[in-house]
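Asks: Those protein sequence lines, which keep their order, are chains A and B.
Add 156 to a position in the first sequence, counting from 1, and you land on the number used in the working numbering.
Add 1 to a position in the second sequence, counting from 1, and you land on the number used in the working numbering.
By construction, these hints were calculated from the structure, which means they are not laboratory data.
Please note that the accuracy of each hint is not assured.
What the hints assert, rightly or not - Partial pick of chain B residues on the chain A-facing surface, computed with a CB cut under 7 Å:
no., residue
1, Gly17
2, Ser19
3, Leu45
4, Ile94
5, Phe105
6, Gly106
7, Pro107
Unchecked claim - Listed next, the in silico PhoX-like pairs over lysine-lysine satisfying Cα-Cα at most 25 Å (straight line):
no., chain 1, residue 1, chain 2, residue 2
8, A, Lys257, B, Lys67
9, B, Lys21, A, Lys257
10, A, Lys257, B, Lys15
Virtual Cβ for every residue (Gly too), placed ideally from N, Cα, C.
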Amino acid sequence: GDSVTQMEGPVTLSEEAFLTINCTYTATGYPSLFWYVQYPGEGLQLLLKATKADDKGSNKGFEATYRKETTSFHLEKGSVQVSDSAVYFCALSDLAGTASKLTFGTGTRLQVTL
Amino acid sequence: GAVVSQHPSRVICKSGTSVKIECRSLDFQATTMFWYRQFPKQSLMLMATSNEGSKATYEQGVEKDKFLINHASLTLSTLTVTSAHPEDSSFYICSAGRTYEQYFGPGTRLTVT
Numbered sequence: 157g158d159s160v161t162q163m164e165g166p167v168t169l170s171e172e173a174f175l176t177i178n179c180t181y182t183a184t185g186y187p188s189l190f191w192y193v194q195y196p197g198e199g200l201q202l203l204l205k206a207t208k209a210d211d212k213g214s215n216k217g218f219e220a221t222y223r224k225e226t227t228s229f230h231l232e233k234g235s236v237q238v239s240d241s242a243v244y245f246c247a248l249s250d251l252a253g254t255a256s257k258l259t260f261g262t263g264t265r266l267q268v269t270l
Numbered sequence: 002g003a004v005v006s007q008h009p010s011r012v013i014c015k016s017g018t019s020v021k022i023e024c025r026s027l028d029f030q031a032t033t034m035f036w037y038r039q040f041p042k043q044s045l046m047l048m049a050t051s052n053e054g055s056k057a058t059y060e061q062g063v064e065k066d067k068f069l070i071n072h073a074s075l076t077l078s079t080l081t082v083t084s085a086h087p088e089d090s091s092f093y094i095c096s097a098g099r100t101y102e103q104y105f106g107p108g109t110r111l112t113v114t
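Turn these sequences into a full structure, and let the hints steer you where they fit.
Replies: What follows is the structure, encoded as structure tokens:
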């Protein structure tokens, strides 16, 4: 079945540091890939997405590129802020064009300090 | 656009009682809604998928008679936790599907005492 593997957290960084959160996936076919962010006490918000190989999703300074050859979708940001402290979830959907079941990774907690 | 609300945001109930959680898509119609459960410091576990006007599809291991899901309209789905017990205490999150994306509600924190 489909699965998503994320790097273990928590990740602690100083403000303005470079961020990478690794995500790899296993899926049949050609899934759509997502990063969701969950701020403390809140629900999930879509951060960015990519629907086909080599697509780059980007939002709020975060980027991730859909790499089919390495089955990866690593999240990066060049300079993190304290306000980026949250839990980040990588996810895939195995049916493009429909709102189908999402498979989530276990989440990576990011803590940014001054 | 694509706002999903949940009500209530927090609920405390006594063991043995039932609790209903509502999930609404406020500005779009959602033929499919999803219910997730999130344990502390863990990922989301899909409980069931509900389609408007039909029975929900439950994931393996989820008790259908305990977690009743109704999707009565294109903008409303409800999850009822029947005869709740302390082990049902969790964070319940719904999402509504539109095209190939899901839009998540803010979640409901259920505490069973």
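Asks: Take the hints in turn and mark each one as holding or not.
Replies: Evaluated hints:
1. At its closest, the beta carbon of B/Gly17 sits 28 Å from a beta carbon of chain A; the interface hint therefore is violated under the 7 Å criterion.
2. Hint status for B/Ser19: violated, given a least beta-carbon distance of 23 Å to chain A, over 7 Å.
3. Given the 7 Å rule on beta carbons, the hint for B/Leu45 holds: about 5 Å separates it from the nearest Cβ of chain A.
4. Taking 7 Å as the C-beta contact cut-off toward chain A, the hint placing B/Ile94 at the interface holds, the least distance being around 6 Å.
5. Interface hint status for B/Phe105: upheld, as the beta-carbon distance to the closest one in chain A is roughly 4 Å, under 7 Å.
6. Because the smallest distance between the Cβ of B/Gly106 and any Cβ of chain A comes to about 6 Å, under 7 Å, the interface hint for this residue holds.
7. At about 4 Å, the closest approach between the beta carbon of B/Pro107 and any beta carbon in chain A falls short of 7 Å, and the interface hint on this residue holds.
8. Straight-line distance between C-alpha atoms of A/Lys257 and B/Lys67 comes to about 21 Å, which keeps the hinted pair within the 25 Å bound.
9. Using a Cα cut-off of 25 Å, the hinted pair B/Lys21 and A/Lys257 holds, with the two alpha carbons roughly 23 Å apart.
10. Distance check on the hinted pair: A/Lys257 and B/Lys15 sit about 32 Å apart at the alpha-carbon level, beyond 25 Å; violated.
The structure fails to meet hints 1, 2, 10 from the earlier list, while all remaining hints are met.
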